[in-house]
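Residue numbers (my numbering), protein chains in the order written: chain A, 1 to 351; chain B, 1001 to 1447.
Since the hints were derived computationally from the structure, they do not count as laboratory data. On a predicted model such as this, the values are computed, not experimentally measured, just so you know. Be aware that one or more of the hints could be misleading.
[As the list claims (entries may be wrong)] Derived SDA-like pairs: lysine to any residue, alpha-carbon spacing no greater than 20 Å straight-line:
id	chain 1	residue 1	chain 2	residue 2
1	A	LYS204	A	LEU194
2	B	LYS1273	A	ASN265
3	B	LYS1347	A	LEU194
4	B	LYS1244	A	GLN258
5	B	LYS1137	B	VAL1183
6	B	LYS1347	A	ASP324
7	B	LYS1289	B	ASP1271
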Amino acid sequence: MHIHSSNRGPQDPKDRPNDFDIWITYETILKNKEISTPLAAILALTELVERSDAGTMFELVKALNDGAKVLNERTPNPIGLNAGCELFIAFVTLFPHDSDSFSDLKKELVKQGQKYATEALTYREKIAELALGFIKDDSIILTHSYSRVVMKTLLRAHERKRISVYVTEARPRGLGLRTHDELTAAGIPCTVVLDSAVSYVMDKVDFVLVGSEAVVESGGLINAVGSNQIAIIAKAANIPFYALAESYKFHRLFPLSQYDLPTHNPNILAFPLTPAASSSPNSLQNKNPSIRPANGNEATPEQSRSMTREQIACNPDVDYTRPDLITLVFSDVGSLTPEGVSQYLVGMFAG
Amino acid sequence: MEHSIPNAPKSQKQMTKAERREQQEAQRAAKAAGKAATSQPGASSSTPTPTHRKNASVTGKAAQPSAGTPKKLGKGTDGKQVKGETKEGAHPHPPMDETPRGLRIFSHFGTPKPPAVTKGDIHPAIIRLGLQFAEFKITGANARCIAMLTAFKTVIQAYVTPQNNTLSRHLMTQLSPQITHLVSARPMSVSMGNAIRQLKLDISGSDIDLPEQDAKDALCDTIDNYIRDRIILADQVIQETAGKKIKDGDVILTYARSSVVEKVLLHAWEDGKQFSVIVVDSRPMLEGKALLRSLTAASIPCTYLLLPSLPSVLPHTTSLFVGAHSLHANGAVFSRAGTAMVAMMAKSRNIPVVVCCETYKFAEGIRWDGVSKNELAPTPFPLTSTSNSPSHHNSAIKMNPNLSILSPLYDLTPPSCITAVVTEVGIIPPSSISSIPGALGRATIGA
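Please work from the sequences and hints to get the whole structure.
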């Protein structure tokens, strides 16, 4: 996939165009639905290499690190992006420099980067093919939220076998509904399950299949919030829990707990500083008027309420699933146990 | 060994067996006494202690085992005796014996004792080191390894290649008795073992054509590089990496004293992180006190408690940092006795357990329990009732021929209790230990 960025800004000040370019480039690349955040990061950094005027490897790596930092700061969800950045920077650093001129080396790097991206788009196919062997006819599958690689696998399985899918609503973003629409359109029987009804449905399920934001050094999984709950319930019910992840999502991060994630900040799940804050009197006042009409009219006895925006903001977007809860990780490098993931990562990045 | 259980009426059968055993022991004692190069200060005949290395107390009592006792010998004889004894144990009321007994179980553990007679040419630096090891003046895997390597440098410099010999072949034969002497003082640690293996490799690879002084200097440089790269620099990387896992407001639990964990905590504090530390300690070693001293000197807020009070502080703990004596291929951590308990309790309350360990401490084998190979700590109790009580003995414990004190120095923490291992190549889960050497291009673990 060759992307030529339309933003050929002024070349003079070194920092500005790069800063400007890399974020815009990244967003432009992301517009393509098929490309996930780590891949987009790799492509954006490849672009940076192409346009960089660094004269030595040291300068180039420094420019790459700066670019990665910019991307990290501006994105709301840094984990996947970070995985891609680190992979590309490690690749660049370990690339053999036997070309004569530095510009030749840069051209080679760019070529490799784009080749990798093209190949990476086939990873989802590979994973779908691999996971197919684990899906039996008449399987009932539980999945969480929306994941492109899971979609591909389910659609692939549907071509040859009969499957039915339960998908969780995945609040607050409600991406599970999107999964439901797409599966139903393809003819796969699909039901949306409340996030709180997962344990209710678990005994009906044959196995759980989820996508991932990142797979970490411990062998654990970082995915949309709710994955950890599903994994714990699956473990308690002795249902296999499979994670699908492309290899560029493998990250050297090692969270010791939920609160050790880079996405965790003190605001998440924090108690309000003053209980009698301005929000509560308002809500009390809101309550009273709503109660009176309900009592008076008896029109809508149960009005379901939703969380306010501020309340949702106090909640996490992703959570961490421990490796002992995961049965297997399917990746383009093969099907790995969580311990195997760590051995793969150590082999790739250590030393 | 005879039973020290108070007897009821003696039966003929057991009497004879006991007598037979007494004979056996007397013969063995005579043999051992005969083998001894220098004089055995008259302990052999009066008590059966020569066959019981365990009876020696740390203060270097007169009752010393015979010379040149590598652990194997003791294991062989005492192991057999223990077996026979346990079979005997099925019979009730064996004859009571007034003489003090050694350990009935775990007699294969290494005991602390000052090194016995020195056979051959032992360099004074090594003799001094052996004494320091035996008296537990130098403890800790890193400290022992660095001290040993530094002593070896002195030995190498003092070494003179004899005629018609090459340094690369002969030096090792010189070093072997030194190593044996150190091992007799205290069993070798895994860190020391790995360092020695590397040293042997370097010596045998030493260039034959180099003039002697150059070769010796090159070897000393290799030793310095080993210490610098595998220990000092590795510790610095570990400080950085583990420091990232410490956040403001954390309460860090640690056990006894690990040199690496101490460095991690001090470094994180210098970095400006605000945290507090809980130091858990236990007898007989009470090494936590030294750690406490060093942390409070840096003004880190600390709490100190003994192991039995651990459950009360666990609800307040954020994470547990421990060091290791060695790390095994199956991910198990061999560390100061008590670490396993602390790790298990922490893990059961979902507190992350972080082990800080350099890669040179990795051991090739797999270990499932702390019993197969262990050491005894220098206890404050006299091991036998015949020994006089030095100052640190607890006079409240009345010695009894029926009482033997068992105080292992190490225990094994299973990999299921460990969340993460911080090494100089990064943070890894314990199951991945075996993949590190491959990644680093080394042939074996701990190379």
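To see whether the hints hold, each was checked on the structure:
1. A/LYS204 <-> A/LEU194: It holds: about 15 Å lies between the C-alpha atoms, which stays within 20 Å.
2. B/LYS1273 <-> A/ASN265: holds, 16 Å
3. B/LYS1347 <-> A/LEU194: violated, 32 Å
4. B/LYS1244 <-> A/GLN258: holds, 15 Å
5. B/LYS1137 <-> B/VAL1183: Judged against 20 Å, a Cα distance of about 16 Å means the pair holds.
6. B/LYS1347 <-> A/ASP324: holds, 13 Å
7. B/LYS1289 <-> B/ASP1271: violated, 24 Å
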